[in-house]
Amino acid sequence: MGKGIWVFAEQDQGNVRKVTFEMLSEARKIADAKGEQLCAVCLGKDIVGLGDKFAPYGADKVYLVDHDLLGQYTTDAYAKALCDLITKEQPSIVLMGASVLGKDLAPKVAARIGAGLASDCIEIKMEGDSLCAKRPMYSGKAYAEITYQNADVMMASIRPNVLIASEPDASRSAEVENVTPEISAGDIKVSVVEVIKGDAGKVDLTEAEIIVSGGRGMKAAENYKMLEDLAEVIGATVGASRAAVDAGWRPVSDQVGQTGKVVSPNLYIACGISGAIQHYAGMGTSKVIVAINKDEEAPIFTKCDYGIVDDLFKVLPALTDEMKKLMAE
Amino acid sequence: MNSIVCLKQVPDTEAQIVVKPDASDVKLDGVKFVISPYDEFGIEEALVQKEKAGAGEVTLVCMGPDRCVEAIRTGLAMGADKAEHIDDPACEGSDAMATATVLAEQIKKMDYNLIFCGRQAIDDDQGQVGVALAELLGLPHASLVTKVEVAGDKVKVNRQIVGGEEVIEMPIPCVITAQKGLNEPRYASLPGIMKAKKKPLNPVKLADLGIDAGTVGAAGSKTKAANFSSPAQRTAAKLISGESAEEKAAGLAKALREEAKAI
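So the sequences go chain by chain: A and B. Residue numbers for the first sequence follow my numbering, so the first one is 1 and each next one is one higher. Residue numbers for the second sequence follow my numbering, so the first one is 1 and each next one is one higher.
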């Protein structure tokens, strides 16, 4: 069994994803319990400026793995750089965010180094010598605790927005080690031809603090303008139910639910969504759930925090106005 | 174009999932099973690519108990040509990595250009098998794929990334994990269902693959799931009352700010 608790520090153009700080804060407790070092491992191109970002959240050591071929994410280059470093330093635990990138990279790394991996975990602790990671299964209809056996390295990917980042402590500092990975163009079998950006500045649903989501009750694609107006005022991302996506009103990437994205925001406002078990499976871990629906029999009212039974086409503009007033205070 | 599609049989999305009283697992008695929806996108795409190429075979590979035959026959009825069913009690309790190991040994014996997997199975939701399989076979992969275009010995795919999508190109053979949006899976036709009954469905044991039973299954896996629980039930909503929609909206805004502190 190796030494060290590692957190893969995901960054995009120099911006560190929040889940990194959430993981570091929680992993600090594990590092203290195990008496091991907590390390942040950051991969990218020209990331030298990120060395001081991780100590305030608990990192003792920071690996900055910098290479031209890590500027654009490819599974091959990232896996090579990370696996080589894991093989050299032999950490006991490696955590990654269960982001789109983390979900792609983690199984690749785990398969290569022979690690055990639990995906999309929502709680982590130690149980004896084993990491114990709680995670949803059956789209959140059940939870299970994963422990590890026969694994030199225990890996887990962590759902964003669930663990709580500690207040940064600016007085903490960490040793920074610059690593030059051995990657060559020949290691990368996949080439990125084109990157098509969606709405610039739109926070991904899986990372959003607030989601305003619309279902069948929205009646038409153009009515989502109302949700977008509200979202803009309160800093939310717009989501949709399967019914709305299947009707062609919203892109597939907006779908929340069992066959869409699983989200866990602070606030989820469901508009014209009945609350089918498959939808609930994708947003049931949200901290506060609000439903607006004219059908008082809609199942969503039996399992949410606040409800308004009324015509959403009247409620939404009024709610946007009220929120504007609140935000101006 | 020869494709392999890995498929898993899972409880239907409508199924109520109940935890066993001893918390060791969930109860699956009486549950309706289906092909995992993302695997259906994989089957459909393999069929589309075969049709476009005008030649080739689609082979299903499934690991799981006897009951999986129903899912395999459904896949054959959709149009797949044949199937390998790894049905060995020693596989029971395999985690995602152990599953990928078994599938990799099976696939090493086969002839293929493309391998399709669902982006995740909707029972354990691990989302590991497709990517791990690619690594174990030494192949490139693309995950969360929404479009596939074969051109000669390469394949160009669109895949979801944060805030958009990217187009990537890989050499064939390779592994593709299917995301919703890739296609609309066809339904099995009546003649398809009749034909499926006669299509080859080959049962496979671990010994056929040269796998030591102790390296997979519950004992050989690196992770183990236990202490199952049900999510905390939310209680019924606090309904915001008011004479008009405007009043209710004002009440909600106030509650979210002052009570829930969510805004």
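No wet-lab data here; the hints were simulated from the structure. A few of these clues could be false.
As the list claims (entries may be wrong) - Keeping only pairs whose Cα atoms sit at most 16 Å apart, straight-line, the calculated EDC-like set for lysine to aspartate or glutamate is:
{"#": "1", "chain 1": "A", "residue 1": "325", "chain 2": "B", "residue 2": "166"}
{"#": "2", "chain 1": "B", "residue 1": "254", "chain 2": "A", "residue 2": "321"}
{"#": "3", "chain 1": "A", "residue 1": "324", "chain 2": "B", "residue 2": "243"}
{"#": "4", "chain 1": "B", "residue 1": "20", "chain 2": "A", "residue 2": "145"}
{"#": "5", "chain 1": "B", "residue 1": "224", "chain 2": "A", "residue 2": "321"}
{"#": "6", "chain 1": "A", "residue 1": "125", "chain 2": "A", "residue 2": "36"}
{"#": "7", "chain 1": "B", "residue 1": "238", "chain 2": "A", "residue 2": "296"}
{"#": "8", "chain 1": "B", "residue 1": "224", "chain 2": "A", "residue 2": "36"}
{"#": "9", "chain 1": "B", "residue 1": "238", "chain 2": "A", "residue 2": "145"}
{"#": "10", "chain 1": "A", "residue 1": "287", "chain 2": "B", "residue 2": "51"}
{"#": "11", "chain 1": "A", "residue 1": "197", "chain 2": "B", "residue 2": "259"}
{"#": "12", "chain 1": "A", "residue 1": "189", "chain 2": "B", "residue 2": "153"}
{"#": "13", "chain 1": "A", "residue 1": "287", "chain 2": "A", "residue 2": "207"}
Now the hints, each set against the structure:
no.	hint	result
1	A:325 - B:166	violated (40 Å)
2	B:254 - A:321	holds (12 Å)
3	A:324 - B:243	violated (21 Å)
4	B:20 - A:145	holds (14 Å)
5	B:224 - A:321	violated (51 Å)
6	A:125 - A:36	holds (14 Å)
7	B:238 - A:296	holds (12 Å)
8	B:224 - A:36	violated (24 Å)
9	B:238 - A:145	violated (32 Å)
10	A:287 - B:51	violated (47 Å)
11	A:197 - B:259	violated (38 Å)
12	A:189 - B:153	holds (13 Å)
13	A:287 - A:207	holds (14 Å)
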